[in-house]
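The lines below spell out each chain.
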Amino acid sequence: MADTERPRPDHGEPVDARPLLQMRGIVKEFPGVRALDDVDLDVAAGEVHCLLGQNGAGKSTLIKVLAGAYRPDAGEILWAGEPVVFGSPHDADAAGIATIHQELDLVPGLSVAENIVLGHEPGRFGFSRPRAADDAARALLRRLGHPEIPPRRELGRLSAAGQQIVSMARALSRDARLIVMDEPSAVLDADEVDNLFRVVRELTAAGVAVVYISHRLEEIRRIGDRVTVLKDGRTVARNLPAPRTPTAEVIRLMTGRAIEYVFPERGPSPSGEIVLDVDGLGRRGEFADVSFTVRAGEVVGLAGLVGSGRSEILETVYGARRPTAGSVAVRGRKLAPGSVPAAVRAGMGLAPEERKSQGLLMSEPVYRNVSLPALRRFARAGFLRGGAELAAAAEVTAQLDVRPADPTRPVRTLSGGNQQKVVLARWLLEECSVLLLDEPTRGVDVGARSEIYALVRRLAARGVAVVLVSSEVPEVLGLADRVLVVREGRVVREAPAAELDEGRVLDLVMEGRQREGAL
Amino acid sequence: MTNGDSQAVTVPPAAEQGRVERAAAQADRPSALARVLDTSAGRNLGLVAVLLVLCVIGLATADTFATTSNLLTILTSASIIGVITVGVTIVIIGGGIDLSVGKVMALASVWATTVATQSYGPAVMVFCALAVGAGCGLVNGVLIAYGRIVPFIVTLAMLISAQGLAERISGKRSQIVTDPTIAAIATTRLLGIPLLVYIFAAVVAVGWVLLNRTTFGRRTFAIGGNPEAARLAGLHVRRHTMLLYVISGLCCGIAAIMIASLTTTGSSTHGTLYELDAIAAVIIGGTLLTGGRGTLIGSILGVLVFTTITNLFILNNLATEVQNIAKGLIIVAAVLFQSRARRADT
Chain A
2 MADTERPRPD
12 HGEPVDARPL
22 LQMRGIVKEF
32 PGVRALDDVD
42 LDVAAGEVHC
52 LLGQNGAGKS
62 TLIKVLAGAY
72 RPDAGEILWA
82 GEPVVFGSPH
92 DADAAGIATI
102 HQELDLVPGL
112 SVAENIVLGH
122 EPGRFGFSRP
132 RAADDAARAL
142 LRRLGHPEIP
152 PRRELGRLSA
162 AGQQIVSMAR
172 ALSRDARLIV
182 MDEPSAVLDA
192 DEVDNLFRVV
202 RELTAAGVAV
212 VYISHRLEEI
222 RRIGDRVTVL
232 KDGRTVARNL
242 PAPRTPTAEV
252 IRLMTGRAIE
262 YVFPERGPSP
272 SGEIVLDVDG
282 LGRRGEFADV
292 SFTVRAGEVV
302 GLAGLVGSGR
312 SEILETVYGA
322 RRPTAGSVAV
332 RGRKLAPGSV
342 PAAVRAGMGL
352 APEERKSQGL
362 LMSEPVYRNV
372 SLPALRRFAR
382 AGFLRGGAEL
392 AAAAEVTAQL
402 DVRPADPTRP
412 VRTLSGGNQQ
422 KVVLARWLLE
432 ECSVLLLDEP
442 TRGVDVGARS
452 EIYALVRRLA
462 ARGVAVVLVS
472 SEVPEVLGLA
482 DRVLVVREGR
492 VVREAPAAEL
502 DEGRVLDLVM
512 EGRQREGAL
Chain B
4 MTNGDSQAVT
14 VPPAAEQGRV
24 ERAAAQADRP
34 SALARVLDTS
44 AGRNLGLVAV
54 LLVLCVIGLA
64 TADTFATTSN
74 LLTILTSASI
84 IGVITVGVTI
94 VIIGGGIDLS
104 VGKVMALASV
114 WATTVATQSY
124 GPAVMVFCAL
134 AVGAGCGLVN
144 GVLIAYGRIV
154 PFIVTLAMLI
164 SAQGLAERIS
174 GKRSQIVTDP
184 TIAAIATTRL
194 LGIPLLVYIF
204 AAVVAVGWVL
214 LNRTTFGRRT
224 FAIGGNPEAA
234 RLAGLHVRRH
244 TMLLYVISGL
254 CCGIAAIMIA
264 SLTTTGSSTH
274 GTLYELDAIA
284 AVIIGGTLLT
294 GGRGTLIGSI
304 LGVLVFTTIT
314 NLFILNNLAT
324 EVQNIAKGLI
334 IVAAVLFQSR
344 ARRADT
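Residue numbers (this note's numbering), protein chains in the order written: chain A, 2 to 520; chain B, 4 to 349.
Rather than coming from a laboratory, the hints here were simulated on the basis of the structure.
Mixed in with the good hints there might be a few duds.
In silico contact screen, one side only, chain B against chain A (beta carbon under 8 Å); selected entries [stated by the list, open to error]: (1) E170; (2) T217; (3) G228; (4) N229; (5) A236; (6) G237; (7) H239; (8) R296.
Beta-carbon label-pair distances, calculated as ranges [unchecked claim]: (9) A:H121 to B:V338: 57 to 63 Å; (10) B:I152 to A:A70: 30 to 36 Å; (11) A:S160 to B:R176: 53 to 59 Å; (12) A:A206 to B:L279: 57 to 63 Å; (13) B:L292 to A:D280: 55 to 61 Å; (14) A:D176 to B:L292: 39 to 45 Å; (15) A:D176 to B:A322: 55 to 61 Å.
Only pairs whose alpha carbons sit at most 20 Å apart, straight line, appear in this in silico SDA-like list of lysine to any residue [stated by the list, open to error]: (16) B:K330 to B:T64; (17) A:K357 to B:T272; (18) A:K335 to A:K357; (19) A:K357 to B:R222; (20) B:K330 to B:N319; (21) B:K175 to B:A187; (22) B:K175 to B:T272; (23) A:K357 to A:P411; (24) A:K357 to B:R296.
None of the values given here were measured: they were computed from a predicted structure.
No residue lacks a Cβ here, since even glycine has one placed at the ideal position from N, Cα and C.
Same shape as in the complex, but just chain B:
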């Protein structure tokens, strides 16, 4: 591993990235290359490379892969889980975990599409979804921050009870969205791009600014990285922790409207296992599960990698079981790669 120096001056292949980063970090003054690699995009070069490889495979195996409509399909199917992943990333960077996201989204979609709610019109439906999402997040947050229960347990309990409540309200039936405005969200396109993709992009943008450009974001990193130091620096650790879960819940509310529109139903079966997809995306995006370090861009790249894999398998008519095996392998490979890079870094 000592021959990294000579490679530092040339543009490295993706696999060499960690080694070069290390060599650059050892130099007293960080080189320009090291500085580029230290930006959030740079740290995720590995994922970008994976994504490029997937695209090459797509081009080679399926004629329809590179068409505009297929690329938009990928983005659209990434949008809902993507919005949820934004919330999960923020919670995990803040040192927590949220397992309840998928079923909170289901509950919000059900609550927003009952006959009674729909009778008040689209604005109330949207408000209802957001309020249910944020409300569930608030319950999570209060129990975790003030009740001092482990986040894993609280959000697991929320997952189960949100599922039950959603089934109870809907009578286990899919509720059809009759409101034309809500139904139109998924079919509307601006400049040829689906509105869902714009919503996804907007949530990512807001999440990124929140994490990287605000005091709130900075404190989130501090609390996730060392809660005791954050407390002794005078931060309101508990209030802040609570708010992280509210944000996650709010993302679920937004996702609920999106999925209700896309499927034109509100259903308790929506969002099954979304929590695992979101956490997997966060992990391969390079965020530490213990909190304090991570990037939103990495998580989003993670979502895109998974969605692209799904797309490739569908285009090539391969079984979904194999798809899941591939996803599992990618998670392990990504984490192995990152932990190597990090160990060398310290």
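So that you can see chain A by itself, here it is in the shape it has in the complex:
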């Protein structure tokens, strides 16, 4: 099929109907979370198929299933029409599937040529033939339009873009018929992206299929043929024609509500004292000039796309990143910049974006996770009073209805929603007055979502000032009293949630991205 030397006169026209890869009803479960739930993906030879979705939507898991790194719990994979089972990455490799990972999986200490032929080095009687490897590498690099990369150069000394090319040469050297590119443009500047696209077009012209993953939607419009969108581990749209689908539609699919969530009733507009005062906060290269205040009992939402700087802002407010400008004050007292302990002492708490790696001690029991910041309260002269700690943790986890209701269970055995409740219970126990929530419902199933929404509202009703970051616009609008729209590291609009609707926020989030234009 690799010989379909098919010109692509009009990029974006319905592609050759012969599917090279069909993934049907793929399910993959991890303890506590269903990462993929009945996901489909069709890729035809010679097309650029874009896979879209928020962080945590299941893209990486799907790719790992495709690459043989994970075995799906259910579903089937058809490769050139034949059902296949990829038991290991080697199987996928042998079938002609190559993956260019986000973190390039090259060996920096080896030469360019050695990297390209790694795993199938040309040799005779066990002796390597470096000259043959160099020749093969040179031919591939020329084909990719980069004859200037010397095969003998140590890989680590190439630029990120150069390494990307080598990674692609490596995929080609194995006669890959399908190349998965996971955010290839993330490390490239504009010129290098242009070159990347030229190479991608050459590959597809030669009949190679490309699965392209990127957060930059304008790239999808430039390079993509068809689009499949994932959300919460489900396929929410498949095989949309990339050039004719409006960007707004794609963003709505990625961020919009799949199910009508019940948002709790808002109270009267909060008029408590100002608890959190962020003034001119900035971090070079990430965001600048962010100012806002949050009153006691108020929920302020930050809306923005991935990469807009919303999480960075939250972490800087918390002191986990050191600001290069501006200040943060709680109840009128300025906090020491870049100090999490100072923020916690002042009554702040953060439920971080990556619950597992940033939030929890996965193998420790629930109660130890809950008591971590408040340990001092259960100790006399540094000695823990175990009973008091367990009792207090049991009380807050019961209040939040953490299930199963056994605080001595290891956190890793809980579902995503209950793990998130454990993080929230931590700050409830600490009696924090400012709560920062970064994607509080990511990886949380539908039922637990409403509970978390109700909980956030309840905390606000008690007088806690809440800052909420979410990539789901309806969530921000439904939960927050006031919304700040963030784009490219700047606050572009601040308004009461009641004055905004989803369409208006999407406009603001993407302004300059030709919302009405085709993808």
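Start from chain A and add chain B according to the hints.
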């Protein structure tokens, strides 16, 4: 591996322990047996079994093995490396590693036994050993926590330079302990048990309480298990990390007094390869080298296993080379056993 259920109700032989633990963990409500197995002593049942097997071998092969004096010999020779292992265990649970312990102890023993130091009397000698140990630990800790250098490199550099400094101060000669009080530590017995064993027991007790009953211990587990989560929970991760190395250094200082007393010398040759013995004991004791999980009791059992093996070989007049081969095999066997048990557990 699915036939574990039927065995869960009977008392398992040691080799079946992991399987039973697994079966019990799968049950919704942990059985009483599972709860016993989950205590630190229970998790180390395998090591206790190894120790018992060694004792049986000892009884069978050497008449003198079970005598009081031989058992006290085992405990005494375990005491110095045991004290060091307490510090190393705490550092490893906190996510670090300390390779410098043996030579920090040597340096502390040398510094405490110079003619000048000895002229001030025993109290100053003890203080000097502790201060040198804690000081080296502080240098390690500051470089690791605030200088952000990998612990392996920092403590390796400390090992080398402490060795050099100890040689420099002593002129590569053994310094005789002339102070009668210090010399008497190793020969004193209370209720028939050497004072060194009491010191060992006291350090273990303090270490155990620190790890299991204090906020400091809890935070050590948290930082070793997930430093980023600990940081975002508002813990002073760097200060805490630094203190872990100070504690390890302090243990070396205590060990320095003990070895100076036992050998009546302070010498730069003391403590050679102690770091490896200590780390080996920590590993077979079931502590994760990546931090966050482990028990002090396991490490101490590990020390006792190694010391008992040495004792058995000496009693049977076997060559020390064979001894080392046996130790190596035990390390591998223990880790294989633990990783199986852990994989089934998750």
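For a quick check of understanding: which of the numbered hints are violated here, in increasing order?
1, 9, 13, 17, 18, 21
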